Structures are given as structure tokens and as C-alpha cells.
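Asks: Read top to bottom, the protein sequences are chains A, B and C. If you count the first sequence from 1, position 169 lands on 169 in our numbering, and the numbers rise without skipping. If you want our numbering, it's the position in the second sequence, counting the first as 1, plus 1000. If you want our numbering, it's the position in the third sequence, counting the first as 1, plus 2000.
A portion of the hints provided could be inaccurate.
[Unchecked claim] Now the stretches of chain A that chain B is said to cover, found in silico as 3 or more residues with beta-carbon under 8 Å:
#1 50-61
#2 80-89
#3 96-110
Source of the hints: derived by calculation from the structure; they are not laboratory data. All values derive from a computational prediction rather than experimental measurement. Ideal placement from N, C-alpha and C gives every residue a C-beta, glycine not left out.
This is what each chain is made of:
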Amino acid sequence: MYSLTVENLGKRFGARKVFSKIDFELHSGDSIAIVGSNGSGKSTLLKVILSLLVPSKGKVEYKNETELLTDDNFRDYVSFVSPYLNLYDHLTAEENLTFFATVSGFNVTGKEINNLLAKVGLEGRGVDFVMGYSSGMKQRLKYAVALLKKPEFLFLDEPTSNLDDAGKKIVFDIVEEYRKETVILIATNEKEEYELAKSIVRLT
Amino acid sequence: MPKASSGLLSRSLAVYFKDLRLELRTKSGLNAIMMFGVTTLAVVSFALGQSGLSPKVLSALFWIIMFFSAMSGLAQTFIREEETGTSLILNLTAEPNSIYIGKLLFNLTLLITMTTIITPMFFVFTDASTDNILPFLVVLGLGVFGLVAATTLVAAIISKASVKGALFAVVSFPILMVLLMVLVGATEKIFDNESLSAVSSELQFLIAYVVVMTTISLLLFKFVWRE
Amino acid sequence: MWYKLVLFVLMSIMIYFSFALPAPQQQIGESSRIFYYHIPQAWICVIAFAMSMFYSIMYLRKKEIKYDDKAAIAAKLGFIFCVLATVTGAMFAKVTWGMYWNWDPRQTSIFILLLIYGAYFALRGAIEVEEKKAALSAVYSIFAFVTVPFLIFIVPRMVPSLHPNDSIISEDLKFNIEGAISLVFFSALALFTVVYIWLFNIGVRVQLLMRKQLEEEDF
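Go ahead and model the full structure; you've got the sequences and the hints to work with.
Replies: See below:
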């Protein structure tokens, strides 16, 4: 059982307030959607939760069964998919996957890579450079990278952006597969996406 | 579930080989650094003539060329991560130490490659000569290590700044000045055909400098990377 | 309030005696009086640098923006005193050795300190986001500080020093630091330090007010 606690979280850039007083607690099997209009701070909130930005107020805590996860090791349990996440254009899809696996500290076999690529509908495209991918294919490959490890926390920022109907189906299947055992956080404005989550946080 | 099944070395090497592969496919760093070295060398050579330069002038020129070539290319590996927007996913997947070590090895490879091409050219263009090939190579090697050890952290800092421009050279120079003074002094003695024992205190300095700068960089790198 | 009055009175007395007493060094003559001002300035320059480094470490440990403010203020003051020490030192060098600049080890050291401060401000100017600015400049100032021991221990051994300040610590005193001269010198050192602390506190309070104003606007 893993959990994520967000307590009285606030962030501002200089004099501009982005959001404040965000509170929630999620355990494995919980899912939450963060909704709000463009510029309401959804992505910023995700970045603060991912410890990519320092909060101006409040705190974020990751826990496993027994103890707090430190700022150094919580990343081993978190996967993140977002339109502003970029993969290496000059590497092939397979090279990208192998690199991200090795650099996170585990080995991955060719068979596992093929399975992952098949899962996101990119079978047979593993040897192509990411440079030549369409934006929808890149988005699919990001899901393959996210699922390299079995994440305990799955954070999705605009999960279906750039995806066609088949791609959306793949994302919904993945969320369905993981929702029982994983903490899932979705930042979105699409109705069908936030209905995937059990609860909703609205940013204004 | 056990996550970190492989150690720091293999993770650092993953970063290193990834960067090497990107470099071989795009050649952005090496081209810049080589052309800068050759250009500076050519300017020096035709401005000063080919012969009759004193050891003092030669060693100063040599390290000026090395300094500016290093400044032109060693920030590239970090800046590329920012420009392609890949630093975010690297930040989320890789641990800072492995990134630092991987990038350090990559910069070392880059500068060694450049040095092995530029140094013979320097001897040809300036008609410099020395009987002390081995001592020269020792000082040169330590100098290359020193340059890379001191500038890799600075390169990481610069890549996060919004205005990069000439900042890398400006910010690196105060840190490199001591190193360059010692290197110029030691190389001058070697061009003067003095033996390795004549530069022993310089060698001690160089080793201490490399060790201290690398250690401190390792300690500080995560504060640069995870912000 | 009272300590500023005391400071004013004592400073006036110190300045009076720095000119009224016989010159501290006979050979150099009247110009040697500059040492009452030059050495305290160099001293403040080093103190400010150390303080800036201390607050940088504190920032990285605590991630509280007030430490970054203090590091930056100490660096600003240090830079001013560094410039003053360099200028007075160059004037002193002209009188003593006949040239303003000759890469004497101490001149080299203070030049590198100036460069470090300059690079520190250039770096701060190039980073927009506040937390980034704080963390990156803190890392830089710590990293740069590590090279200072190399300077102090290695450079003087490699280049012979012409600096008269050696005489303060060495046996064959060129400067006669004793009696009334020593009293004036050490009180100059103390008074300059108090001036520095005063300036530092003003800087911190100004920053604090600016932050307060920001805080009131939101949250």
C-alpha cells in the first residue's frame, strides 16, 4: 500500500499566485482528476507534486507501507506522461526504452520491449528514430516508457492529447488495468477523462 | 519490489553511451569544439609567425587555445538536454550522480579527442618542440582532466540559465584561473626542456585540483539538477 | 540608534589619529597611512565572501529564500569593499613599487575574488525564476570558494611576493605595528567591521520589507 499526501499546498511565481490551499490524500487504488481552465495551474501543480518545482507553501509526501519515501528515491515509483515531456529524437524507440530502463537501474529484454511497443500500438516501429514519429506516436511511446517499471504512482497530464481514437482506447485500457493497485492522478479538461477518476479537484 | 538492481556504474555508463551516440549522430559538440580550436590556432600562427617564439609565449598560447576550445564545446551536452526538452524526463528517471558521472566522462572524451588533434597541429604550426614528450603528455593529461572536472558542474548551471551566450566562459574563468596559471607555468618549464621532477609541485597541485573539484561537483550537482 | 552615534564618534577619532600619528612606515613615508584603510577593506572583502558562502550553504540545506537574500547582500557589500581594496592597493603599489599592477600573489588573489563576485552577479542576472536563481548561485559561490585555498597556498609559493603586508606576520617587521599605531590599526579593523554589519542589516531589512509587501498581495 502506497500513499500520496498533499497538504496545504501553494505555489506562486514572484507576485503571481498560481494556486493555494490544495489538500488531498490518496492510497493505492485511489484516483483523482485535477480539472480547471487553461492557465489554472494544473501542470504547475503536477510539477510541484513531482518535486520539479519547490512549493511556496505546504508539503507533498510519498509513503510506502512503512515509511516516507525520500526526495531521492520516490522517483523510482512514479511514472509521468505529459505533452511537454520529450524523448530523444536522435534515438530509436527501442534505444529510448533501453536507455530509460538502464538509467533507472534495471535491465530490460528485447521481448519486454516488443511487448510494451505492442501494448501501445507501435509494433514493428521500434527501430525507427523518434524524430520521424508523429506527435500521436510520440505520445504512445511515452506510455511505453512510463510502463517500463510497474509504477505505484501514475501521473497523467492531458493523457489523450494528440491521440486518435485507437490511441485513446489504449490509454483508457491502461488506466483500467492500473486503477486497482496504483495511485492515479489525471490533469485534464476532457469529461470522459476525468470520469475515469474517483474524485475531482477543481483549480480556479 | 526491488528497483535499483544495477549499480551506479552501469547507470552512469548508460548516460555516457547515450550522449556518445547522440554526439556521433549529430556531431554538434565536436564540430564546434574542433573548428574553434583550429580557428584559434590559425589566428595565432599567422599573427605571430612560425618560429622563434619563447617557451613562455608558446605555453601561454597553447593553454589559451585549449581554454577557448573547451569553452566552446563543453556546455553542449547539458544545453542539448534543455534545448530538446529532454532534461525533464531525465530528471524523473535518472539519479543525479549517474548523470553527473556520465556527462563528466562524455566531456572528457570530447576534450581528449580534440586535444589529440589540436596538439600535433599546434607543434606543426608554431614550430614548438620539446624533448620531454612524456612529461608534456602527463601535464597535458592532467590539464585536460582539470578543465573537465572544473567546468562540467558550471556547464550544468549555465544550461539552466535563460541567457546563456558568453556566460559559460565568464563564469568558468574565475574557477579555472588558478589551474591555467599552474598549467602555463608547468608547460613553460617543459618547453624549456626541464625534467619531470622540476614540475613535481605543479603535478601535485593538478592532482589535488582534479580530485577536489570532482568531489565537490558530485556533492553539489544534485542541487543544480533537481531544482 | 546609540551604536551609530558611538560608531560616528569613534570613527572620527580613528580617522583623526590615522593622520595625526607619525607615518606607520618610515621608508614609504606619508603614503603608508593608506594601510589603515586598505587592510580593513581587504579584510571585509574576505569576511563578506565567507558570509555569502555560509548563507549559500544554509540555503541549500533549508531552501528558505531569506538565506539567498542574505548571501546576495553579503556578496554585494563584499564586491564594493573588494573594489575599494583593489583600488587602494593599486595606489599603494604605485607608490611602493612604481607600478599599479604586477600580478603579485595578493593582487592575483583579490583579482580572482573580484572575478568570482562579478561572475556571481552575471549568473544571478541571467536566471529569472527566484528559486532557480537562489539554488544555482548558491552552488556557484560554494564551488568558486573551493578554489580560494588553492590560491592562498599555492600561488604565493609559485610567484615571489613583493607585498609589504607579509611584514605584519613575519619577524623582520617592515611595518612597525606597535603602541599607538597598533591601537589605531586594530580599531580601524573593528570599526570597518561594524560599518559592514550595519550595512548588511540595512540590506536585509530592505529585502524583508519587499518580501512582506509581496506576501500581503496573496495567500
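Asks: Hint by hint, say whether it matches the structure.
Replies: Verification of the supplied hints:
| no. | hint | verdict |
| --- | --- | --- |
| 1 | 50-61 | holds (count 4) |
| 2 | 80-89 | holds (count 7) |
| 3 | 96-110 | holds (count 8) |
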